[in-house]
Amino acid sequence: GENVEQHPSTLSVQEGDSAVIKCTYSDSASNYFPWYKQELGKRPQLIIDIRSNVGEKKDQRIAVTLNKTAKHFSLHITETQPEDSAVYFCAAIILTGGGNKLTFGTGTQLKVEL
Amino acid sequence: DAGITQSPRHKVTETGTPVTLRCHQTENHRYMYWYRQDPGHGLRLIHYSYGVKDTDKGEVSDGYSVSRSKTEDFLLTLESATSSQTSVYFCAISRMDATSGNTIYFGEGSWLTVV
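These protein sequence lines are chains A and B, in that order. If you read the first sequence in the working numbering, its first letter stands for residue 4, the second for the next number, and so on. If you read the second sequence in the working numbering, its first letter stands for residue 1154, the second for the next number, and so on.
Hint data in this document are derived by calculation from the structure and do not stem from the laboratory. Heads up, a few of these hints could be off.
Which chain B residues stay away from chain A? Per the calculated CB distances, all over 12 Å, these [to be verified]:
(1) Pro1161
(2) Gln1190
(3) Gly1216
(4) Thr1239
Here are a few chain B residues that face chain A, going by a calculated C-beta distance under 10 Å [to be verified]:
(5) Glu1167
(6) Pro1171
(7) Tyr1186
(8) His1194
(9) Arg1197
(10) Asp1209
(11) Tyr1217
(12) Thr1256
(13) Glu1261
(14) Trp1264
Here are the computed distance ranges between Cβ atoms for each label pair [as the list claims (entries may be wrong)]:
(15) A:Glu59 / B:Ser1160: 33 to 43 Å
(16) A:Ser29 / B:Asp1209: 17 to 27 Å
(17) A:Glu42 / B:Val1268: 20 to 30 Å
(18) B:Gly1169 / A:Ala32: 24 to 34 Å
Beta carbons: idealized from backbone N, C-alpha and C, even for Gly.
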């Protein structure tokens, strides 16, 4: 099955700096890569996703890049703010017409310091 | 929130007792999932369902069973709870979005402590 590795496990940045979280996957057939943000005591929430037919996707301060050849994808957060502090999870899946059994990375604790 | 409700939200139980967690959805989604979340392990799939009475195992299914007798409810049962099953349990559904395709949305979670 799919295996997803995520780095780093913790990341501390100064407010206004950029943060980058990286994930690698094992199954070259995976074609959908979502990112989830989880605040303390809350549910994981989808913040951005990318399909394998594109190399980059942006949504305001958040962007995701995908390198299919190297089988890795990254989350980029620019101009970080204290409210960006949370745990971020990457995931990978072979997207089918039916249900998706996402395989998740182990998470990155992002702390944005004032 | 994709119309997902989990119950109970918090429970403390004793080792060896049976426990059932309920996931209820109001949007008629076909696919439902149970994940557990533990420090250092991220989210791991326990069981999933692709329709009424249609279920299959995930990567950490030992010690768990599920049932889905109607579309809106997906039950997770720990037949005899153990301390290793202390965890946060998230129900999820798969919903078709216009731009992303099938996207997974999570319920609010159920905190289970086995003492």
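Each hint, compared with the structure:
| no. | hint | in the structure |
| --- | --- | --- |
| 1 | Pro1161 | holds (16 Å) |
| 2 | Gln1190 | violated (8 Å) |
| 3 | Gly1216 | holds (19 Å) |
| 4 | Thr1239 | holds (16 Å) |
| 5 | Glu1167 | violated (24 Å) |
| 6 | Pro1171 | violated (25 Å) |
| 7 | Tyr1186 | holds (7 Å) |
| 8 | His1194 | holds (6 Å) |
| 9 | Arg1197 | holds (7 Å) |
| 10 | Asp1209 | holds (9 Å) |
| 11 | Tyr1217 | violated (15 Å) |
| 12 | Thr1256 | holds (6 Å) |
| 13 | Glu1261 | holds (5 Å) |
| 14 | Trp1264 | holds (9 Å) |
| 15 | A:Glu59 / B:Ser1160: 33 to 43 Å | holds (41 Å) |
| 16 | A:Ser29 / B:Asp1209: 17 to 27 Å | holds (21 Å) |
| 17 | A:Glu42 / B:Val1268: 20 to 30 Å | holds (27 Å) |
| 18 | B:Gly1169 / A:Ala32: 24 to 34 Å | violated (42 Å) |
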